[in-house]
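K.L.:
Here the protein sequences come in this chain order: Y and G.
Read in order, the letters of the first sequence are residues 181 to 627 in this note's numbering.
Read in order, the letters of the second sequence are residues 181 to 627 in this note's numbering.
For the record, the hints were derived by calculation from the structure and aren't laboratory data.
Any given hint might turn out to be false.
When chains are identical, the list treats them as one kind, so a pair holds in a single copy or across two.
[Said to hold, decoys possible] In silico DSS-like pairs for lysine-lysine, Cα to Cα no more than 30 Å straight-line:
| no. | residue 1 | residue 2 |
| --- | --- | --- |
| 1 | LYS425 | LYS330 |
| 2 | LYS209 | LYS609 |
| 3 | LYS218 | LYS525 |
| 4 | LYS218 | LYS609 |
| 5 | LYS587 | LYS480 |
| 6 | LYS609 | LYS425 |
| 7 | LYS571 | LYS209 |
| 8 | LYS330 | LYS587 |
| 9 | LYS602 | LYS425 |
| 10 | LYS525 | LYS428 |
| 11 | LYS435 | LYS602 |
| 12 | LYS525 | LYS330 |
| 13 | LYS209 | LYS525 |
| 14 | LYS525 | LYS435 |
| 15 | LYS525 | LYS602 |
| 16 | LYS602 | LYS587 |
| 17 | LYS609 | LYS525 |
| 18 | LYS480 | LYS525 |
There are 2 protein chains.
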Amino acid sequence: MTAYESPQLTDLYQLTMVQSYLDHSMEDKAVFEFFVRKLPPQRNFLVAAGLEQLLDFLTHAHFSDDELEYLASSGYFQRNLIDYLSKFQFTGQVDAMPEGTLFFANEPVVRITASLPEALLIETRLINLLQFPILVATKAARCRLAAADKRLIDFGLRRAHGAEAGVLAARASYLAGFDGTSNVLAGQQYGIPVYGTMAHAYIQAHDSEAQAFQNFAVSQPNNLVLLIDTYDCSRGAERVIELAKQLKAKNQAIKAVRIDSGDLGHEAARVRTQLDRSGHPEIGIFASSSVDEYLIEQLKQQEAPIDGYGIGTNLTTSEDAPFLNCAYKLQEYAGIARRKRSQGKATWPGSKQVYRHLRSNGQLDYDQLCLATETPEQGQPLLQPVIRNGKRLGAPEPLDLLRQRVKQQLSMLTPALTNLSKAASFALKISPSLQQLTHQTDQRFHG
Amino acid sequence: MTAYESPQLTDLYQLTMVQSYLDHSMEDKAVFEFFVRKLPPQRNFLVAAGLEQLLDFLTHAHFSDDELEYLASSGYFQRNLIDYLSKFQFTGQVDAMPEGTLFFANEPVVRITASLPEALLIETRLINLLQFPILVATKAARCRLAAADKRLIDFGLRRAHGAEAGVLAARASYLAGFDGTSNVLAGQQYGIPVYGTMAHAYIQAHDSEAQAFQNFAVSQPNNLVLLIDTYDCSRGAERVIELAKQLKAKNQAIKAVRIDSGDLGHEAARVRTQLDRSGHPEIGIFASSSVDEYLIEQLKQQEAPIDGYGIGTNLTTSEDAPFLNCAYKLQEYAGIARRKRSQGKATWPGSKQVYRHLRSNGQLDYDQLCLATETPEQGQPLLQPVIRNGKRLGAPEPLDLLRQRVKQQLSMLTPALTNLSKAASFALKISPSLQQLTHQTDQRFHG
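Excised from the complex, chain Y in its bound form (with noise of 0.2 Å):
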């Protein structure tokens, strides 16, 4: 569970439309959908993630007293919807992409249908927690199609944008494929590996570079990364050799250096010459500073000696594309397809699946958008049942399985779409049943 799980985290108009729903007696069965409209420039597919905090929330949400009192003094509303939030609780259905699923454009990931009110009610929390999970999720996922199988930890909390962001960046990645994080309260929360050793700071509060390393030895004997760059990174791995032979006498082994500044390739084939030559294959080279995929990648053109990399800032702001065009809206109400039609946000009406279809190869060949009522001979659909009648009707999907779907999912991919830095789209065709609602809808409601 989330810190916040009260429905109050929410735009005001939400509530405001609330009231005249109930003033109206509007409280039909609508139907939403979470999709992105378009996919930002960088990215040509985009990780599902961030479900299991959103059922979570579903399951839990409620207004508590004094949120209800603060309410009831905005001016803004009448006893009628204070009552009526005093009462809530999430009861609708919730069809869903399973987490670690690829998607794309106007795809539905997530489908609520209930009364208007309850679907009103969770919708900004529901978009603040799917995009962020999304967007680190895909970010991580790039990173490992760059680094292959290096090492990869998240390293993003002090930079990620408050707390809740560092905890779900550090679930986000690690479903993606990372190896583990910094963050501790993460690593509690949710059993990812935890990582760390030292900053710069423990360096320069010893007398020497020399003296630190030793302290570090005796009080992390298994867990022996060393930090070379504070002062001059060359010196600094002649200083780990020197340790590793006093080590030695004493069966203790030096994982790896860590390097955090200047030129990474550079720095790096230095090092590993240095730690070569005196007999150290053995002690890892770990890189950390602005990393990303693209700087991954052209590491790896440089064939650069590193095992390893610690990533953050990039990761948790999703530095190159740190928001979704991505929205929830109304599709049905009462029955009857809904869709806007605003300049560049228009939507596909009504309830929809997504079929995937593979090549023979068992790459992505297309989606297609449908309506949830079609039942197409052939596809997968990546919509599937989570919720009914406000009650879950799994168990979390253990974060395992999670990694081993992205794992699955990203082999899927044709070289296009693994492409980092050119854009390739995936083609998404419409149902004809759909195309004919679409047109029906237009007609209904000719603005």
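Once you've looked at the hints, dock chain G against the given chain Y.
P.N.:
This is chain G only, laid out in the frame that chain Y set:
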């Protein structure tokens, strides 16, 4: 208080370092400073923010039993660390720039003086709690500079990176000059005015736009801002005019229309003409959809008749600069100044103070970076004592006071620094004593 008050929200390396410090009796006094190494290219100044949440964290931080149990079972730590953490509370000194102070690169914004382990245990959350509010307050101040006295409302919760980011962004943007937020929880928590009316789904759920407008007028008689672009802006405006006629008979008024798509300047001009021609100059025009300071400036140049803006994603993700190159670095330990010399990440050593110098016209002239022990004859010291021996020295500063401070500080910017698109730098002079200490430090720690 934020929902995350545990120091467990940290990077593992803080704890592995503290383990070593305890093992080697390194618990002397340390001085750390938080500063920004380099401003993003799109920022000529930054606005200090987030201090209130940091002080709250520092005066409440403690480890819970289940957190200690997790750490004890992690395999990384000895009993002496767990015992130390079980008694942990922050007992040090904090000096900081008051929230709302404008600052520049390499200036300490917050200075922590505490035992080395204490100063480390708060590092990660300190950076996490300061960086994001600074980003948002700065973005908001830029929007305020562009918008002059037009109304600005934070609409960003849904696309903020998690819940805490949404709440902190509402506070930071209000502090920096916004008029309110759509975020109900932030409104309740911080006493910020909340605003909101309707979404497109509200219009779509009704059989017609006219019916939607009428229903809303019944339920929110004093909060009538009508969204007119669901189907067609111009026809939406006609319906608003019809409704205005009907409402006049009941002495009820429409405050504004909202446009949320398309070319905002073009649509606003057309709608303004419609409203004026029909005798409704009192109905305002409120615009949203991908608004930021650049768009506001462009619309200002076009003299677009827009009275206020809702700003979401670009504000709460600080989209054009989603992170700061900021750091929290050891400057002194056991009475001896320290310095990091890593490539591109070198720091000025010692415990420091910033003195601000103004021109005779009241505008910013230059800042001087001095040793904390220096007492220059001129200039205003920017860091103020806020915590002594773990206790706050004063009550929280009211948001209204912070708003006034930002307004006053923005008026001190030179024209070059207020330019939103063209980079300008501000002079930071280094005192002779600090230069001398830097030289001495390099000689002592020659790597």
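K.L.:
Confirm or reject each hint.
P.N.:
Hint by hint, here is what the structure shows:
1. LYS425 with LYS330: within (27 Å within a copy, 69 Å between copies)
2. LYS209 with LYS609: within (28 Å within a copy, 66 Å between copies)
3. LYS218 with LYS525: within (10 Å within a copy, 38 Å between copies)
4. LYS218 with LYS609: within (15 Å within a copy, 47 Å between copies)
5. LYS587 with LYS480: within (20 Å within a copy, 49 Å between copies)
6. LYS609 with LYS425: neither (64 Å within a copy, 46 Å between copies)
7. LYS571 with LYS209: Within one copy only: 17 Å inside, 54 Å across.
8. LYS330 with LYS587: Cα proximity of LYS330 and LYS587: one copy only (14 Å, versus 50 Å across).
9. LYS602 with LYS425: Neither: 48 Å inside a chain and 55 Å across chains, both beyond 30 Å.
10. LYS525 with LYS428: neither (65 Å within a copy, 33 Å between copies)
11. LYS435 with LYS602: Result: close neither inside a copy nor across copies, 37 Å intra and 47 Å inter.
12. LYS525 with LYS330: between (41 Å within a copy, 26 Å between copies)
13. LYS209 with LYS525: within (23 Å within a copy, 58 Å between copies)
14. LYS525 with LYS435: between (52 Å within a copy, 25 Å between copies)
15. LYS525 with LYS602: Within one copy, since 25 Å is at most 30 Å while 32 Å is not.
16. LYS602 with LYS587: Answer is within: at 21 Å inside a copy they meet the 30 Å cutoff, but 44 Å across does not.
17. LYS609 with LYS525: within (19 Å within a copy, 51 Å between copies)
18. LYS480 with LYS525: between (40 Å within a copy, 25 Å between copies)
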